[in-house]
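Q: Full structure from sequences and hints, please.
4 protein chains.
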Amino acid sequence: MLLEELRKSVLEANLELVRRGLVLYTFGNASGVDREQGLVVIKPSGVDYDELRPEHMVVTDLEGKIVEGKLRPSSDLDTHTLLYREFADIGAVVHTHSEYATSFAQAGMAIPALGTTHADYFYGPVPVTEELTDEAIGGRYVHETGLAIVNRFKGIDPLAVPACLVAGHAPFVWGRTPHDAAHNAVVLEAVARMAYRTLTLEAQCKGVSQALLDRHYFRKHGASATYGQSC
Amino acid sequence: MLLEELRKSVLEANLELVRRGLVLYTFGNASGVDREQGLVVIKPSGVDYDELRPEHMVVTDLEGKIVEGKLRPSSDLDTHTLLYREFADIGAVVHTHSEYATSFAQAGMAIPALGTTHADYFYGPVPVTEELTDEAIGGRYVHETGLAIVNRFKGIDPLAVPACLVAGHAPFVWGRTPHDAAHNAVVLEAVARMAYRTLTLEAQCKGVSQALLDRHYFRKHGASATYGQSC
Amino acid sequence: MLLEELRKSVLEANLELVRRGLVLYTFGNASGVDREQGLVVIKPSGVDYDELRPEHMVVTDLEGKIVEGKLRPSSDLDTHTLLYREFADIGAVVHTHSEYATSFAQAGMAIPALGTTHADYFYGPVPVTEELTDEAIGGRYVHETGLAIVNRFKGIDPLAVPACLVAGHAPFVWGRTPHDAAHNAVVLEAVARMAYRTLTLEAQCKGVSQALLDRHYFRKHGASATYGQSC
Amino acid sequence: MLLEELRKSVLEANLELVRRGLVLYTFGNASGVDREQGLVVIKPSGVDYDELRPEHMVVTDLEGKIVEGKLRPSSDLDTHTLLYREFADIGAVVHTHSEYATSFAQAGMAIPALGTTHADYFYGPVPVTEELTDEAIGGRYVHETGLAIVNRFKGIDPLAVPACLVAGHAPFVWGRTPHDAAHNAVVLEAVARMAYRTLTLEAQCKGVSQALLDRHYFRKHGASATYGQSC
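Sequence order for the protein chains is E, D, H and L. Heads up, the first sequence is in the working numbering, so the first residue is 11 and it goes up one at a time. Heads up, the second sequence is in the working numbering, so the first residue is 11 and it goes up one at a time. Heads up, the third sequence is in the working numbering, so the first residue is 11 and it goes up one at a time. Heads up, the fourth sequence is in the working numbering, so the first residue is 11 and it goes up one at a time.
Just so you know, the hints here were simulated from the structure itself, not pulled from any lab data. Each hint should be verified, as a subset may be incorrect.
The list treats identical chains as interchangeable, and a pair is accepted whether it falls inside one copy or across any two copies.
[Stated by the list, open to error] SDA-like mimics (lysine to any residue), calculated; alpha carbons at most 25 angstroms apart, straight line:
#, residue 1, residue 2
1, K216, P135
2, K18, V57
3, K18, Y133
4, K18, E61
5, K18, T143
6, K216, A120
7, K18, G165
8, K230, A146
A: Here's what the structure looks like:
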């Protein structure tokens, strides 16, 4: 993907978050990575969405050093770049304070796999990080937020579970492309809404079986996928 | 109904689901059956709703063999066709992941008949299937989903209770026509929203009496219906 | 108010219910009364709201006998006319299945006066009727629904508490004019939403004091009202 | 700020409350203060929002005496003016019955700081006042409402926690400008929605650490702020 295309798709992912009601004012950001060039394209900080143009996107290297752009990048940049360095197969990261996913993050609860909507996108619970220590919060906080995610994902394939809740904060979501990451963020919020209602109806709900999780996840992912028109 | 008319009404039912907010992205499908010709018309899989045209609808026989159409049919086709074979009086099937009905399905709870809105459309609780066994999930899963519904409806008239929740999954809804099936799906979601709130206010709510269920259901259905302008 | 004006204001009240999201499909109706002529103007049954015109309104006498109009009146007519006969000061009645008020009705719970929004409109809890007996349901059901409201209001001034929940069914709301009745129905639903959330946060919430109830209610009503531009 | 500008920004703040869904009918009001001239600009009482023009705004002195304007000022004027007299650094006050914040007020519960969205705007719980005594309610009620807020804020910096819930009533919110006060009211409602869901999922949720509260609050406020494009 050319950098110009990446700028457009990152902008489009940011706008999709707004259209789908995941973002209040400027509380959200999306980025994408060009692996070949080692460049990250990210939304600028605190700019109104309806004024955003592709040329406002900020370009940095994988360490977060600004390469191009006059605006300050999203204040969450260091989380994005750490995820790109640690999760080699992801191509885009989205951060929102979408309300139901954030409510689980605030409660310090993972979103359990309670149904097939979840299983179609997330191969297991959407995990929640440990709380950050006072030292981490007082230090390189944004970087430490990324570290908490990476630590939580030891033993989990980031593309099989493309989202994590940061305890007391909100979700980070990713995917192969900016389009996919935004799509996953929208589905995460729908899954969180349904999990909230399911658990407030039946707190002991134990969720889907491993067999159902496998069936739905592999229906949409991997070599034997049978959903859609693409295969 | 001519096949051409059926295509249009199946498309229209699919669009009604979107307009009423029952469908996120492509998570839903509607079909209709022409009993005389033994043909089923169903939405193609994974196509954006705003691009759908009558000619995109896929036509199959009652065993799900494609008769006409270049696109792959909805991945839930085998559930639809089984319901047509087993429930002789239904003319259309709708499947959505509408969020409140799905939350009950995830909780493994039937939607009890708690009020007259419910009773106007569903003559008794909207039941939930047994959980599918690992063998059923690992086998002809979509067909087995339909079997779980059919098994749950032993002793229930499918036109008196035109919906079923599949445990851990979501609702299937039906009716005499695509219009009716979509309408029933919209009402089911409203009924589920109200049941959720009623039960979270008063978990012991016992619901309407048999007399009230009879009165409301037969007000809109059967020979002595008194609602609307049609009789 | 001339009958022609009343037709228009009854239609307008019906449309306000739709605009404010209180009505799904055709689940609602509003009427108004001309006390001098002894005539009731009511929405016809089961007609789409976007096709409704003033001339579609049905005119009956206070016993529900049709005086003018080609369409069948709302199936709830007998509740409306009974309320007009029994509550001498009301000028309009609205019935909806607005979802939060209906959830309280389904739970068999009155809506307690938990805050000043409630107190501004309803001088005390919005009561819920007794459940109708099987005999009442099997008899003149719609008339009996009105009787249950009237019985519940013994000792309550209908203009001080202009709404009642019918157990297992939904709210009936009234006012001096069709505009006021629709407005009260919209506020009732907002009050019900807030009461639902208050009670699910704090089930033991005891509600406002009599002093606060008095202060807010009489701020908007009666001789010493201080709200708005009209005095 | 010239008085003419203040009228426009007060009107704009009132309209922002409507656009963001915080206001039903006329249940809300915003005001601003010109500290140099000692003048308050406030919405008139009970006027439809879509008819409001800058010239309809009412101008009073800091004691609430009308200086300019033909319309009666908002009935909550005495609360606004008291807050201006007691909280020397605030420039605007907003009052709404936004539904989730009001639900906390009705429950008599502060909104605890459960996450970073809260911490970005409110440096600690959003407090709830004591219930007003019958004497206060029966006396200068609107003034007493302001006093209850002022008493509750002993030891709290009003600009660090720019909102208070009045028990059994609803929130009052403030800021340096009408724009900021309206923005804070919108965020308060989002924070209340998420707190409601968090607490109904996990009633024992203890909220963010002091370190996280500090980090987020000072990220957006004070000399070392790093958010947005302005520094």
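Q: Since the copies are identical, ignore which copy is meant and state whether K18 and E61 lie within 25 angstroms (CA to CA) inside a copy, between copies, both or neither.
A: Classified as both; 14 angstroms inside a copy, 23 angstroms across copies.
Q: With identical chains treated as interchangeable, where does the CA-CA distance between K216 and P135 reach 25 angstroms or less: within a copy, between copies, both, or neither?
A: Close inside one copy (12 angstroms) and across copies (23 angstroms); limit 25 angstroms.
Q: Measure nothing new, just compare the shortest in-copy and cross-copy C-alpha distances for K18 and V57 to 25 angstroms and report within, between, both or neither.
A: both (16 angstroms within a copy, 23 angstroms between copies)
Q: Please sort K216 with A120 into within, between, both or neither, judging by C-alpha distance up to 25 angstroms.
A: Both ways: K216 and A120 sit 13 angstroms apart in one copy and 16 angstroms across, limit 25 angstroms.
Q: When Cα atoms must be at most 25 angstroms apart, do K18 and G165 count as within-copy, between-copy, both, or neither?
A: neither (34 angstroms within a copy, 49 angstroms between copies)
Q: Is it within a copy, between copies, both, or neither that the alpha carbon of K18 lies no farther than 25 angstroms from that of T143?
A: neither (37 angstroms within a copy, 46 angstroms between copies)
Q: First find the shortest C-alpha distance between K230 and A146 inside one copy, then the shortest across copies, and answer within, between, both or neither for a cut-off of 25 angstroms.
A: For K230 and A146, only the inter-copy Cα distance (19 angstroms) is at most 25 angstroms; the intra-copy one is 38 angstroms.
Q: Are the CA atoms of K18 and Y133 at most 25 angstroms apart within a copy, between copies, both, or neither?
A: neither (30 angstroms within a copy, 37 angstroms between copies)
Hint compliance for this structure: hints 3, 5, 7 are not met, and every other hint is.
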